[in-house]
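S.K.: This is what each chain is made of:
Protein chains: 2
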Amino acid sequence: MSRADLPEVIVIGAGGVGVIAALSLSLAGESRVSLVVRSDYEQVREHGYEINSCDYGQLRNWRPHRFFKGVEEASESGKFFEYVVVTTKNIPDGPEGSTVPDVIRPIVESNRRLCPERQTNILLIQNGIDIEKDIYAKFDCANEKIVVLSGTQLIGSTKIGKGVIRQIGQDHILVGPFDVQNKAAVDAAQKFIDLYRCEDRNLVLFDDKVRYTRWRKLIYNSVISTTTALVGMDVSRCLKFGVAGMGTEEEIFKPGMREIFAIAASEGIELDEECISFFCDISRKQEYKPSMCIDCENGQLMELEVLLGNPLKIARENGVETPVLSLLYNMLYMVQNKLKEQKGYIKFELDDE
Amino acid sequence: MSRADLPEVIVIGAGGVGVIAALSLSLAGESRVSLVVRSDYEQVREHGYEINSCDYGQLRNWRPHRFFKGVEEASESGKFFEYVVVTTKNIPDGPEGSTVPDVIRPIVESNRRLCPERQTNILLIQNGIDIEKDIYAKFDCANEKIVVLSGTQLIGSTKIGKGVIRQIGQDHILVGPFDVQNKAAVDAAQKFIDLYRCEDRNLVLFDDKVRYTRWRKLIYNSVISTTTALVGMDVSRCLKFGVAGMGTEEEIFKPGMREIFAIAASEGIELDEECISFFCDISRKQEYKPSMCIDCENGQLMELEVLLGNPLKIARENGVETPVLSLLYNMLYMVQNKLKEQKGYIKFELDDE
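As they're listed, the protein sequences go chains A and B. The first sequence lines up with residues 1 to 353 when you count with full-length UniProt numbering. The second sequence lines up with residues 1 to 353 when you count with full-length UniProt numbering.
Incorrect hints may have been included.
Copies of the same chain look alike in the list, so a pair counts if it fits in one copy or across any two.
Dumping the calculated DSBU-like pairs for lysine-lysine here, alpha-carbon to alpha-carbon at most 30 Å [said to hold, decoys possible]:
1) Lys347 <-> Lys183
2) Lys340 <-> Lys285
3) Lys254 <-> Lys338
4) Lys343 <-> Lys285
5) Lys217 <-> Lys133
6) Lys285 <-> Lys347
7) Lys313 <-> Lys254
8) Lys217 <-> Lys338
9) Lys338 <-> Lys159
10) Lys69 <-> Lys209
11) Lys254 <-> Lys347
12) Lys191 <-> Lys133
13) Lys162 <-> Lys145
If you are wondering where the hints come from, they were derived from the structure by calculation, not from laboratory data.
So here's chain A without its partners, still in its complex pose (with noise of 0.2 Å):
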């Protein structure tokens, strides 16, 4: 295939995750990788990017074969992209034209515009459960040929400074349809997975069970997570100065993980019973902050509703109890509300009398 027939695929989100995925694809050589930069993009077009991977070694300077500065001028270079990688977090109740399907739709148009044949494949890195219903509510998938994917990235990779990366654990990825009935998503990813693989540096699977990976790590996010966005310290922290050393262990993450083994196994997925320990022991030993917690501190939105939000409705729906995950749930939607407040999306005023 001559350089200009490869597929070409975009990246929209330029965080710790994304830069890496722009990296894989690059390295793979096997497709033309165009990066969405919003807050450094004036940085990364003069300077490229600065990364240090282990998997891939210290770069300097490096580009991706195209920087976008936003959608809008992705949509007008008259490119087809095969494939649409969103790796920016996912708030679906952040302001107004933030969600994914906003951010995503003048490609989708331009693409249909270009050649109204082809297929369009959507994939989305990013936590939580329920991601895709926002995608098949705001489009006519099936009419308009659009393919959602889901990627479940385990890496250890962020931003640590404009156009710097740091990827400290290996970059293993999975990639499946979050619909394993639909063969045109089966194949999509599939030949993502071929785009992305670059031989004994990075993991990518094919994901054939994605909600279930998708429930796995909820155990981890929707419980740890959430919890250290809360009080405002780093894993290991919260398991020490938990009341007797052990409180926050015993009464707050493996209660809140056993509702999410509840809640998943109320929609038929099992999750294995050696995930609680695994994930209570994963981040003991490092002052480690999930980046819900980062976000809380920094002033920025956290990804409450597909973290947390969408497994409740979950339960309220199949009419599991969820003592642990509401309470978390309730504290975090005032944060979320103050967090809003501070960014001026919304406007606090007292009732009058």
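Given the structure of chain A, go ahead and fit chain B onto it with the hints provided.
M.R.: Frame of chain A; chain B shown alone:
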């Protein structure tokens, strides 16, 4: 009675409550009032207090009869203090030497040296339940002629600057014996009321059901104060910012309050159902932050044990279920330890592999 014969009262803790207590006692004119001032000592010894009080008007350069820099200085004054009024925060898990028994000990001991046959009355104007137990445990009250009294303040008084006090709610205090069977305590409470009452200006009532009064106040403090501390915002925002504008009230405040009702009931105290809506409404229309919230924001230790830890001990002893309060406690316990680490009272170390 000549002035020299007036009983000596010492107020320990020169915050909003302590200074107004010292002022009321002084104005009533039936006692000689000493005030222990720590942080503002130089300021108030030089300039006295500036007080803006809804009961007592505008005062400048106001001084009680005596200032002391600490309890040790007071204990060396040669005075027998008939009443030791404690208005400090009650933080039994604070740094060494900071508990109420530690703080009052020098005065109790100097009293005993001066007049072993006279009774020392300890009046705790502090929130929480079972706060007297710590005094009973650390002193041989019967032999040392120590009586412990309860003071419950319903006052809106705050120290708003060095030596500056603003009081916006009427000075309304309930004083009574923790042990209503103890005749000496009943008499001491009644005598204190006479020392404190300023006709038409304050409201001082005998409290013949101290435990009820304290449980009633905990309906607010165990639930609303704790929640505001955890999420870091005033009560009206907590209410408005809840899920669907009512999650805070319906899912946290009311269920938490019902747990306090159940714990109180388990020791035979029946709280009035109407308190629930009363306390939910009391600060709905003000941007009011309870002191626990302010302490947490200011990096000060919270009165967590007396407001929440002690009620939960009783719940456990009596087999009362407390899902909401326990989770609040587990969360705030972590936060309290974070504050202790910040203050340098404890050290955090990662476990070795």
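S.K.: The structure should be examined with respect to each hint, and the outcome stated for every one.
M.R.: For each hint, the structure was consulted:
1. With identical chains, the CA atoms of lysine 347 and lysine 183 are never at most 30 Å apart, being 47 Å at best within one copy and 56 Å at best between copies.
2. In this assembly of identical chains, lysine 340 and lysine 285 lie within 30 Å of each other by CA distance solely across copies; the values are 21 Å between and 33 Å within a copy.
3. Proximity of lysine 254 and lysine 338 under a CA criterion of 30 Å is satisfied in both settings, with 28 Å inside one chain copy and 22 Å between copies.
4. In this assembly of identical chains, the alpha carbons of lysine 343 and lysine 285 lie at most 30 Å apart only when taken from different copies (23 Å versus 34 Å within one copy).
5. Taking the shortest Cα distances, lysine 217 and lysine 133 sit within 30 Å of each other inside one copy (18 Å), while across copies they are farther apart (47 Å).
6. In this homomeric assembly, lysine 285 and lysine 347 come within 30 Å of each other (Cα to Cα) only across copies, at 16 Å, whereas the closest approach inside a single copy is 41 Å.
7. In this assembly of identical chains, lysine 313 and lysine 254 lie within 30 Å of each other by CA distance both inside one copy and across copies; the values are 20 Å within and 22 Å between.
8. In this assembly of identical chains, the alpha carbons of lysine 217 and lysine 338 lie at most 30 Å apart whether taken from the same copy (27 Å) or from different copies (27 Å).
9. In the homo-oligomer, the alpha carbons of lysine 338 and lysine 159 lie at most 30 Å apart both inside one protomer (25 Å) and across protomers (27 Å), since each shortest distance falls under that limit.
10. Taking identical chains as interchangeable, the C-alpha atoms of lysine 69 and lysine 209 are never at most 30 Å apart, the minima being 35 Å within one chain and 69 Å between chains.
11. When the C-alpha separation of lysine 254 and lysine 347 is checked against a cutoff of 30 Å, the pair qualifies only between copies, where the shortest distance is 26 Å, while the shortest distance within a copy is 37 Å.
12. Taking the shortest alpha-carbon separations for lysine 191 and lysine 133, only the intra-copy value of 23 Å comes in at or below 30 Å, while the best inter-copy value is 71 Å.
13. Taking the closest pair of Cα atoms, lysine 162 and lysine 145 never come within 30 Å of each other, the shortest separation being 37 Å inside a single copy and 69 Å across copies.
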